[in-house]
Structure formats: C-alpha cells, structure tokens
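*Asks:* Sequence:
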Amino acid sequence: EEKKKFQDEINNYKLLCNNLQEKYNKEFNEEKNQHQIVVKELNEEIKDIKERNARDVQQIEQKHQNKINSQKEKINQLQQSLEKNTLLKDEASNLKNTQIQLTQSFEEEKKKFQD
Numbered sequence: 209e210e211k212k213k214f215q216d217e218i219n220n221y222k223l224l225c226n227n228l229q230e231k232y233n234k235e236f237n238e239e240k241n242q243h244q245i246v247v248k249e250l251n252e253e254i255k256d257i258k259e260r261n262a263r264d265v266q267q268i269e270q271k272h273q274n275k276i277n278s279q280k281e282k283i284n285q286l287q288q289s290l291e292k293n294t295l296l297k298d299e300a301s302n303l304k305n306t307q308i309q310l311t312q313s314f315e316e317e318k319k320k321f322q323d
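Taking this note's numbering, the leading residue of the sequence shown gets 209, the next gets one more, and so forth.
No wet-lab data here; the hints were simulated from the structure.
Remember, it's a predicted structure, so these values are computed and weren't measured experimentally.
For glycine and all other residues, C-beta sits at the position ideal for the given N, C-alpha and C.
Accuracy of the hints is not assured; some may be wrong.
To be verified - For lysine-lysine, the following PhoX-like pairs were computed, each having C-alpha atoms within a straight-line distance of at most 20 Å:
hint, residue 1, residue 2
1, K271, K282
2, K212, K222
3, K255, K271
4, K234, K222
5, K282, K292
6, K222, K211
7, K292, K280
8, K292, K304
Stated by the list, open to error - Ranges of calculated distance between the beta carbons of each label pair, as one might list FRET restraints:
hint, residue 1, residue 2, range
9, E315, Q287, 40 to 46 Å
10, K282, E315, 36 to 42 Å
11, I254, T294, 55 to 61 Å
12, E209, Q244, 47 to 53 Å
13, Q322, E291, 42 to 48 Å
14, E252, K280, 40 to 46 Å
15, I308, Q288, 27 to 33 Å
16, T294, H272, 31 to 37 Å
17, N251, E217, 47 to 53 Å
18, Q279, N251, 39 to 45 Å
19, K319, Q279, 57 to 63 Å
Take these sequences, add in the hints, and give me the full structure.
*Replies:* Structure representation (structure tokens):
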C-alpha cells in the first residue's frame, strides 16, 4: 500500500513535470515565433529603407549630373561667345587700321593734288 502511494506520487510528479515541460515548450515556441516575425518585419523594413536610400542617392546623383551637364553647356556657349567677340574685336581692329591707312593715303593723294 505504501509502495503504491509512493508510486502514485511519483507518477503525479512525472505528470506535473511533463505538463510543465509542455507548457514551457509551448511558451518558448510562441515566443520564438514572435521573435521570428519581428526579425522578418525588421529585415523587410531594412530592405525597404535601403531601396529607398538607393533611389534617393540615384536621384541626387542624376540631379548633380544634370547640373554638371548644364554648367558644361553654359561654359561652352560662353567660350563660343568669347571666341566670336574676339574675332569681331580683331575684325574691328583690322577695319580701323584699314580706315587709318585709307585716310592717310587719301590725305597724301589730296596733298599731291593740291601741290
């Protein structure tokens, strides 16, 4: 009788232990699943942020490249304008020299004619 009582008590403790183990495993698995969900969501958010940042960087680089190209175009236009102005200045200087020479020639001829 005493032996049976101890055996029943042992069986009760085993059952209690098994129940606690099952409860622990269930809670652990639930917590693990929740952590996995959180990690997955965080990884997706990180991926989205990286993609967004990559797009932003690409847009900024494109803006800067457009500005650079615009600046280069303006520089080329200014250089061409400067070259045209230099040519016009040279041409004006040549015309002035020609005018001076013609005026001198005219004055010399006029003086010869008057003498």
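*Asks:* Of all the hints given earlier, name the ones this structure violates by number, lowest first.
*Replies:* 3 and 10
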